[in-house]
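Colleague: Make a model of the complete structure from these sequences and hints.
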Amino acid sequence: MPGSEWRLLDLGELPPVETQSVYHAVASCVGSGRSPDTLIICWPASPLVCIGYHQVASKEVAMDRCAERGYPVVRRMLGGGAVLLNSDQLFYQVIASGTNRSAPSTIDGLFRFFLQAPVETYRALGIPAVYRPINDIEVDGRKISGNGGGLIEGAKVITGNIIFDFPFDEMPQLLRVPDEKFRDKIRATLCDRMTTIQRELGRRPPLSEVKSMLIDQFVQVLGGALVPGSLTDLERERLVEITRTYSGAEWLNQRSPGGKGSECPAKKVKISARTSIVEAAHKAPGGLIRALIEVTDGILTDVFFSGDYFVSPLDGFDRLSSELVGTRLDAGALRAVVEEFFATSGVESPGVSAEDVVATVMAAAALR
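Heads up, the sequence shown is in the numbering used here, so the first residue is 5 and it goes up one at a time.
The reader is advised that the hints may include incorrect statements.
[Claimed, not checked] Derived DEER-like restraints, expressed as beta-carbon distance ranges: (1) R248 x C195: 21 to 29 Å; (2) S50 x G355: 26 to 34 Å; (3) P19 x D196: 32 to 40 Å; (4) R105 x V181: 43 to 51 Å; (5) E343 x D322: 31 to 39 Å; (6) D322 x S212: 26 to 34 Å.
Hints listed in this document are in silico derivations from the structure and should not be mistaken for laboratory results. Since this is a predicted model, take the numbers as computed values, not measurements. No residue lacks a Cβ here, since even glycine has one placed at the ideal position from N, Cα and C.
Modeller: Okay, here's the thing in structure tokens:
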């Protein structure tokens, strides 16, 4: 609550995978009441490619190129898209207990509340940053901070970065795209729609200076003290366990349909005169949604969702998939199921409506 005491973990440079596993480890302890609400500040010692929890690694990332460059590919415990992270980015990770009433209960509310601190940090540097729903910070329409959020083991979590500079040429090389022309387009779009402290100021202020400003701004937002601390023994144990999990192929490939590490099939595969498997995508305000559907005699017999959206709880769209199985492949029938699901399940996906889900499935249906 405002005026309450928060712990500050200024962890500095971390091994790349640990920058993602550390907030999961701390969240597991904050959510169970064994650790205080916490702000983590850190950055990676070397680059990593980080994908959202709901993404299929083999569809999003050029795994061979990442391996050639020595970049680990890590699935984080939050939604969003694939990104190249490095030491030109200063990470902030906010972990609040589920009972913290000052931390909003919705994902978009968490973004709006906690992102005040990095917005004001940019402004203090002379950069006119603004919060852009759902989860971006922008300068004159250009993104200057990427953020993720959700619930992890009962804790409310927001993560993000202060971007000093960005590898505009390198990032497109690490994405799985159909051809080089498409890759060039990604680079051009990144350059046009993203910016950095270096671009805005023409210089790079000392990391220590920006870090101090960011911490001061979080003190203002949180309305109470930030007390320096260190990881507890239990958090260190959890960090070792979760880092080991995050470093494994099973965790990385767990969202792959059809088995661990498998590729998604072609856009359309006809199994028989009665059964087809089809994949299509739809861009919702909250992110890209992919639907892989199996249809037999006009009835959905299997549904798999992936993409760079946010959803809470994390298994929300898996639960929706189960509800959709057995539904007639008709927009009205689908809409009734999806609207009922969102109204009664407690599942939240900011920027994704029932109409977006129906549009995704029907886009796949149109390819049959």
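Colleague: Could you check the hint for me, namely that R248 and C195 are 21 to 29 Å apart, CB to CB?
Modeller: Between R248 and C195, where Cβ atoms are some 37 Å apart, the hint is violated.
Colleague: Quick check on a hinted range of 26 to 34 Å for D322 and S212, using CB atoms only.
Modeller: violated, 43 Å
Colleague: CB of R105 to CB of V181, is that within 43 to 51 Å?
Modeller: Given range 43 to 51 Å: holds, Cβ gap about 45 Å.
Colleague: Within 32 to 40 Å: is that where the Cβ-Cβ distance between P19 and D196 falls?
Modeller: Holds - the Cβ-Cβ distance for P19 and D196, about 33 Å, lies within 32 to 40 Å.
Colleague: The hint says 26 to 34 Å between S50 and G355; measuring C-beta to C-beta, is that right?
Modeller: holds, 33 Å
Colleague: Go ahead and decide if the range 31 to 39 Å is satisfied by the Cβ distance of E343 to D322.
Modeller: violated, 18 Å
The structure fails to meet hints 1, 5, 6 from the earlier list, while all remaining hints are met.
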